[in-house]
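A.B. asks: Here is how the chains run, residue by residue.
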Amino acid sequence: MTQRAFELPVLPHEPVDHAKAAAAFNADVARTEWHDEALWFVRVKRDRAAASVPEWEALRARASAIKEHALTHLDEYLVQFEDNAVRNGMQVHWARDADEHNRIVHGILERAGSRRLVKSKSMLTEECGLNPYLEARGIEVVDTDLGERIVQLRREGPSHIVLPAIHLRKEEVGETFHEHLGTPAGLADPTALARAAREHLRERFLAADATLTGMNFAVAETGGFVVCTNEGNADLGMALAPVHIASVGIEKIIPRAEDLGVFLRLLARSGTGQAVTAYSSHVHGPRAGQELHVVLVDNGRTRQLAREEFWTSLKCIRCGACMNTCPIYRRSGGHSYGSTVPGPIGSVLTPGLDLERYASLPFASTLCGSCTAVCPVKIDLDAQLFRWRQRVVEGGHASMAKATAMKASVRLFDHPRLFRFAGAVARLGLRILPAPLARLAGGPWARTRDLPSPPAQSFRAWYRKNRPGGPR
Amino acid sequence: MSAAPMSAREAILGAVRDARPPAVARPQPLWQEARAMSGLSRLDTFTAAATAAGAAVSPVSTSEVARVVSGAVGQDASVLSYTAHASSTISSPDDPHALASLDVLVCESSLGVAENGAVWVATSDTAFRAALFLAARVVIVVGEEALVDDLHQAYERIDVRSHTFGAFVAGPSKTADIEQSLVIGAHGPKELTLVLVRATDPVNP
Chain A
395 MTQRAFELPV LPHEPVDHAK AAAAFNADVA RTEWHDEALW FVRVKRDRAA
445 ASVPEWEALR ARASAIKEHA LTHLDEYLVQ FEDNAVRNGM QVHWARDADE
495 HNRIVHGILE RAGSRRLVKS KSMLTEECGL NPYLEARGIE VVDTDLGERI
545 VQLRREGPSH IVLPAIHLRK EEVGETFHEH LGTPAGLADP TALARAAREH
595 LRERFLAADA TLTGMNFAVA ETGGFVVCTN EGNADLGMAL APVHIASVGI
645 EKIIPRAEDL GVFLRLLARS GTGQAVTAYS SHVHGPRAGQ ELHVVLVDNG
695 RTRQLAREEF WTSLKCIRCG ACMNTCPIYR RSGGHSYGST VPGPIGSVLT
745 PGLDLERYAS LPFASTLCGS CTAVCPVKID LDAQLFRWRQ RVVEGGHASM
795 AKATAMKASV RLFDHPRLFR FAGAVARLGL RILPAPLARL AGGPWARTRD
845 LPSPPAQSFR AWYRKNRPGG PR
Chain B
117 MSAAPMSARE AILGAVRDAR PPAVARPQPL WQEARAMSGL SRLDTFTAAA
167 TAAGAAVSPV STSEVARVVS GAVGQDASVL SYTAHASSTI SSPDDPHALA
217 SLDVLVCESS LGVAENGAVW VATSDTAFRA ALFLAARVVI VVGEEALVDD
267 LHQAYERIDV RSHTFGAFVA GPSKTADIEQ SLVIGAHGPK ELTLVLVRAT
317 DPVNP
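Taken in order, these protein sequences are the chains called A and B.
All residue numbers in the first sequence are consecutive under my numbering, ending with 866.
All residue numbers in the second sequence are consecutive under my numbering, ending with 321.
If you are wondering where the hints come from, they were derived from the structure by calculation, not from laboratory data.
Be aware that one or more of the hints could be misleading.
Quick look at which bits of chain B chain A covers, simulated, 3 or more residues with Cβ under 8 Å [claimed, not checked]:
| id | stretch |
| --- | --- |
| 1 | 135-144 |
| 2 | 206-217 |
| 3 | 227-234 |
| 4 | 250-262 |
| 5 | 272-284 |
| 6 | 289-298 |
BS3-like mimics (lysine-lysine), calculated; alpha carbons at most 25 Å apart, straight line [to be verified]:
| id | chain 1 | residue 1 | chain 2 | residue 2 |
| --- | --- | --- | --- | --- |
| 7 | A | Lys796 | A | Lys414 |
| 8 | A | Lys564 | A | Lys439 |
| 9 | B | Lys306 | A | Lys439 |
| 10 | A | Lys801 | B | Lys306 |
For glycine and all other residues, C-beta sits at the position ideal for the given N, C-alpha and C.
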């Protein structure tokens, strides 16, 4: 497990307490505000890009329908993809879980005699813990996406699936580069830092004897795949290394090449507000003399597919729009989720892997539905978060305090006399208790809110007085 | 055929079959009707989008191509060219690593996309593919008649299987991974020039 940025209280083998980790993130007020505004700015760019496409809503509907069609015929499309990929000269591997994936990748590297691996962004390999697995076996692993390289040098994980280092300030990146790349102390100019990273990574690209990429889309009809980047890092790796491994979750299969038109129009506009990424690279076979391996990974995806209430979460194309818009994510940071994929989609996908560990994630939401509104493939994220909350409570995974409070409110709302009594106590308390004491009695909810001034009487009393003959 | 034990393949396919939700039909294509065209011409839309992506766009008449390409390439540069509009100063190497300090790649594109300013470059040639990302500067010649409105039209025109590699290239490489500050020139080219050859001479139509 990689170390987290500022020692948020998230531990590898204990249930994640999102609220507690978020409170630790919030302790740095300036960082929290900057993080919030930086992501909101990306959300605004997304809105502008979406508005520039008049048929945007039709495009979302079509993307959603194609994904639902693909997922409900996934076995057929997987076999079709495999057949065509093999025909294109690729070697196809299947991995049931993270461990099998890591063993397959290591086996390929070992057979090829590869010791220096350059990787482009792959959340799947983060999910599988590939880097530590390979490093323990003597392979040098270099993440080449700038944001991923920054967090790798700091021995952290990415805090966002598209913007891996969004939790860091440029001064912190400067310190990291000063320590690891020898840039001058105090250098914090983004252009100068990016140039230093370019020089440093160019050497690694040229020295690499293997590369690993993810896939944004795998096309069943053609047996090829598409990788989208702005930096050109995946492309340098693929164009130079004698061995190319492309790891992909089985849900990334789409039926036809023409479907790429739909998804590529949505992906970058939703993710970063660009019309398209700098490179949308289509790979349909190895270069002359190159080995090209595809690893198809399940790791819990078939279990999610079997869940009637949650299978549509597999439509996700990993654009990150739900994170950028989420008021909780923006103010709690990706590391507070303790999960490779954070934010609303992470809080829907990750509980399916380990409900006990991730029981707090479905509650890391206001259920405002902003995530659902921006999702390019129309996943009903807020509804799924709400459904997970029910599964968490049914499974007995809710915290004692939450469970007790829920039971108490059920009793309260079931018993009118008790409800009236509680109301009277609350009004009295608000009137006579000093504010700090009343705030304490209000529990966590009251901690960051101004308490209301108490009404003179309850609504019931007011109604009885003012509408004596009114319906009861 | 596959290097992993067949059991993993069968296990995953079996699990998918067991899990399959009720079938959802493939949606009918409806794009021609649903698509709305902007008021701008294809050429203007393309130019604006490519410029926004960081490319330098030079609209030229047929007779001006060689001169403008030569200007974009500059002097004393190492050049690898895949078009008749420019000559290479180096020979295409067998090992792409030999292109590590390449200054300029010049090539052609068969298709440009107005809505996002991307041009399609496809090749099965190892040196060409590497040069597209190793070169400090890339110059791409594309004809006005090769422009389409959007990516749907683009995929109607191209066959992604015709080469082992093909990419939509929109501007030079870039990153915003440090505090969301845009830096042009990440790992790939720092500059992209698009030489856009007008279908009719703008001066003497």
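A.B. asks: Are any of the numbered hints broken by this structure? If so, which, sorted upward?
C.D. replies: 4 and 10
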